[in-house]
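**Student:** The residues making up each chain are set out below.
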Amino acid sequence: MKSATLLLSLGGVAAVLTGFLVFGGLGDNLTYYLTPTEAVDQRDDFADGRRFRLAGDVQPGSVVEAEDGLEFVVADGGEAVRVLHDGLPPQLFSEGIEVVVEGLWEDDVFMSYTMLVKHDEEYYPPSEEASP
Amino acid sequence: MNPAADAPVTTDTGSAGYVRRTSLWARAATGAMTAAVFMIVVAPPDRLQGDVQRLLYVHVPTAWLAYLAFAVTLLGSAAWLATRRQRWDRLAAASAEVGVVFTGLTLALGSIWGKPVWGVWWTWDPRLVTTALLFFVYLGYLALRRATIDPVLRARRSALLGIVSFIQVPVIHFSVVWWRTLHQPATVLRPSAASMAPSMLAALFASLAAFTLIYVVLLRTRIRLLTLEELAEARTAERPVAGDDVRPVAVAGGTSDG
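If you're matching them up, the sequences are chains P and L in order. Going by the working numbering, the letters in the first sequence line up with residues 1 to 132, in that order. Going by the working numbering, the letters in the second sequence line up with residues 1001 to 1258, in that order.
FYI, nobody ran anything at the bench for these hints, they're computed from the structure.
Partial list, computed: chain L residues near chain P (C-beta under 8 Å): (1) W1118; (2) L1133; (3) W1179; (4) A1186; (5) S1195; (6) A1197.
Where a beta carbon is used, it is the ideal one built from N, C-alpha and C, also for glycine.
One chain only, chain P, in its complex shape (with noise of 0.2 Å):
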């Protein structure tokens, strides 16, 4: 009997654990981010200041110094999003890279107070590039 109110216990904990990684920290997040289309779309839903993920590709061109950090366009080949980013982007940042940006609505401008650069699985060295 012993053995078995230990191992209801230990699913127990395995299941509190499961519960808030995935609902605690994951959470609506199982749409990892929204795309520049769905942010426009559900921008009702993000009005009061309700944090979100972003993901687009920067647009070639429209990165600009803005003050305490940058600003740029994002775009998914529908929608395009104006991206205010407070702080220094990571290294990695450039022009055309797909980038995920964590903030929210403010009119029609998004604030970015975290940005992630999402690369692809694709490596070559330098002068080679992506040929199939």
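Using the hints provided, position chain L relative to the given structure of chain P.
**Tutor:** Structure of chain L alone, referenced to chain P:
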């Protein structure tokens, strides 16, 4: 029931066994050094990430070993349920321990890679969360093994957990396909050809081979240790315990005929 009864315990303490074990370690070390030359000298730096990308040559093999180790635990667990032979339980237990170590290494190396490239040590990305979950579940497996004393009961419970837990491995592998993640999808284990320069792929395969050899050495060493532990326990059970030799003292000039 005597746990060692059905297991032909081979301690392998002779000099031949020692030589064989040492040469296995030597081969693993040679493999590791060869792989190191490949990943440091032969492979070029990446066009975007530069030298940081070389972390791939250790991060991917540790993840692969976690998958492999838990697959071996699955096989050992299933084989124990089918045959009830102690050796399969030992295989499952040893492989799970090695797997937990490599899962932890995968998380740590991934974190070290994530900071310079992504910009963060950790994010609640489905790939990362499911991998952390894998780590905790198999830590739970090891805890269950420590918590159950009876060897047969322990083998049965851990066999069930060892089988059920494996479902996480395919989920983790496909997490980057099923959900939106920050983590990039697979470079090699995917339907189309590997998207990597050939020299980089060579370094990756050299490293995968070396790490797999290290896994084999660690697994064998751990199984041997488990076998020796069981043997020691069996011997302890046969040995007289303290107090066995103590006899009631006959008091001289007892009172009975007094």
